[in-house]
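Participant: Here is how the chains run, residue by residue.
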Amino acid sequence: MSRFEPLNAGNLRSDGRRPLELRSFSAQLTTHPSADGSASVSHGLTQVTACVYGPREAKNRGQTMHDRALVNVEVSVAPWAGEMRRQRARGDKRTLEFAASIKATFEPVIQTTLYPRSEIHIHIHVLQLDGGLLQASINATTLALIDAGIPMLDYVSSLSAGLYLTTAMLDLTSIEESDLPSVTVAVLPRSGKVTLVSMETRLHVDRFEEMFKLAMEGGKVLRGEMDRIVRERTAALARQMEGGGGTKEEDKMDTDDL
Amino acid sequence: MPREAEPSINQRDFVFSAVQQGIRVDGRTPLQARQIAICFGNELGWVECSLGKTRVIAQVTATVTRPSPERPFEGILLITTEFSPMASSAYETGRPSEEEVTISRMLEKTIRRSEALDREALCILTGKKVWALRLTLHFLSDEGDLLDCASVAAITALRHFRKPDVEVVGDEVTIFSPEERAPVPLSLHHQPMCVSFAFLGPANVLVVDPTHLEEQLANGTMSISLNAQREICVLQKAGGVALPADEVMRAVNIAVFRVRELSDIVSRALEEDSKTRVIEVR
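Protein chains in written order, with my numbering: chain X, 1 to 258; chain G, 1 to 282.
Don't read these hints as lab results, they were simulated from the structure. Incorrect hints may have been included.
Simulated coverage check for chain G against chain X, where a stretch passes if three residues somewhere in it have a Cβ under 8 Å from a Cβ of chain X [unchecked claim]:
hint : stretch
1    : 39-53
2    : 256-267
A few chain X residues that don't get close to chain G, going by computed Cβ distances all over 12 Å [as the list claims (entries may be wrong)]:
hint : residue
3    : Leu12
4    : Ser14
5    : Leu20
6    : Ser26
7    : Arg56
8    : Ser76
9    : Ser101
10   : Glu107
11   : Gln111
12   : His121
13   : Asp206
14   : Lys213
15   : Ala235
16   : Arg239
17   : Gly243
Glycine included, each C-beta is placed from N, C-alpha and C at the ideal position.
Here chain X stands alone, though its shape is the one from the complex:
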């Protein structure tokens, strides 16, 4: 039916990558001054911004819990994000489910017991969409939570993987996603455990394990990159504080770059 070739004779994918090569990953911290923590992450052409508000007094008093913080997740997808302009309704079931799975991913990782009777609100805004929505959202949320200074047990890093015939490939674009069976995995890299696995396409059990384990490995690599970004950013902030508010020219350039 389709003439799309996921892997050509030279073992290259449609965008010229090798099967296990990731798209260019970049992240910026504190992109929104009004939020307590924010991060913008892009995997190739997929771009997601996450803002964290709180811990603060819950907007909805009835939902507060006496022994831990409530985590709220709201997701909005920009109408121009996908291939075609599309306005999504607010109560869209897909978006709600997506928000629920992000909430459940982060609830056990955030140390919510440190903030009883409060709320941590996470707002995810999808700006550009080219496959890997879940992975980008999870990575952005991790960085935004770190930026907000909320204590967590570990990074949560996420990556998608697909399978073409017998070749597993990582970090799928949207054309690949629509053609191949794919799985998104979120891992806690330090313990090597997996918190989220989501697969929505048909695949034989015997083929699943390889793809699943590769995605987990990839997630650990991504964690190194995220950690580097956080450390660079923190170092730049520390330098600025020592230098009395970043009057030095080079410090200024450093923070602008990040």
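Chain X is fixed; fit chain G onto it per the hints.
Facilitator: Below, chain G alone, put in the same frame as chain X:
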């Protein structure tokens, strides 16, 4: 929205220490599922499925409509899930809760996205007339593991249902009533069914077919839908407790066996039913 009261600390400790010793509160072992019972109504496509005290009704109905312009060759399958306060006081009519969204999306993915139903076989006249099937699931009582029960009910209902026979001569479509010609069964590519797991206690013991109490206490849940050909259709572990990869693979392997068991039960129930029913004309 009213929040359900959380189980007490005593109750929690009891459930956890029991499961640690390999026994559950209702006497089952961790990998033992409850007894499933399927009964059929007078109409074709009406199925009531119960799993312990969890009960779900599935009903399939068919009407003829115009197909969507993007897919002129394909029939329509609409899955609606009806949660009412009858199932549990946690459900309210109107705005769906997170749990309800998860269940209905999971069913949608299991049956629709995995292409269980051959939608092209529902086409009567290209671009003009197709069958529109409506699969309605009524949740009557929630004693845990609604999803598994609902997926069994849904697949059984689709296999049980028969649509009226049609004849196309040129542009002329004749739909025959069941008295004139025997109705025809739907064509299904495969029969995916869900298996849910919960992880309980400090050691995260994996249990199959969790009850409502176990679901409330669980550190995390996981649902896998598979077909009897060992193909995973949906695998969903949305957060919750973090697990080693091998534990996930173990759950997948358990699910493979469980689905085979469920398929057998469904096939047997349908066979029993077909003996008592007269569908053929003369």
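Participant: If a hint holds in the structure, say so; if it does not, say that too.
Facilitator: So, going through the hints one by one against the coordinates:
no.: 1; hint: 39-53; verdict: violated (count 0)
no.: 2; hint: 256-267; verdict: violated (count 1)
no.: 3; hint: Leu12; verdict: holds (28 Å)
no.: 4; hint: Ser14; verdict: holds (23 Å)
no.: 5; hint: Leu20; verdict: holds (18 Å)
no.: 6; hint: Ser26; verdict: holds (26 Å)
no.: 7; hint: Arg56; verdict: holds (20 Å)
no.: 8; hint: Ser76; verdict: holds (16 Å)
no.: 9; hint: Ser101; verdict: violated (4 Å)
no.: 10; hint: Glu107; verdict: violated (7 Å)
no.: 11; hint: Gln111; verdict: holds (14 Å)
no.: 12; hint: His121; verdict: holds (16 Å)
no.: 13; hint: Asp206; verdict: violated (8 Å)
no.: 14; hint: Lys213; verdict: violated (6 Å)
no.: 15; hint: Ala235; verdict: holds (29 Å)
no.: 16; hint: Arg239; verdict: holds (35 Å)
no.: 17; hint: Gly243; verdict: holds (40 Å)
Hint check: violations occur at hints 1, 2, 9, 10, 13, 14; the rest are consistent with the structure.
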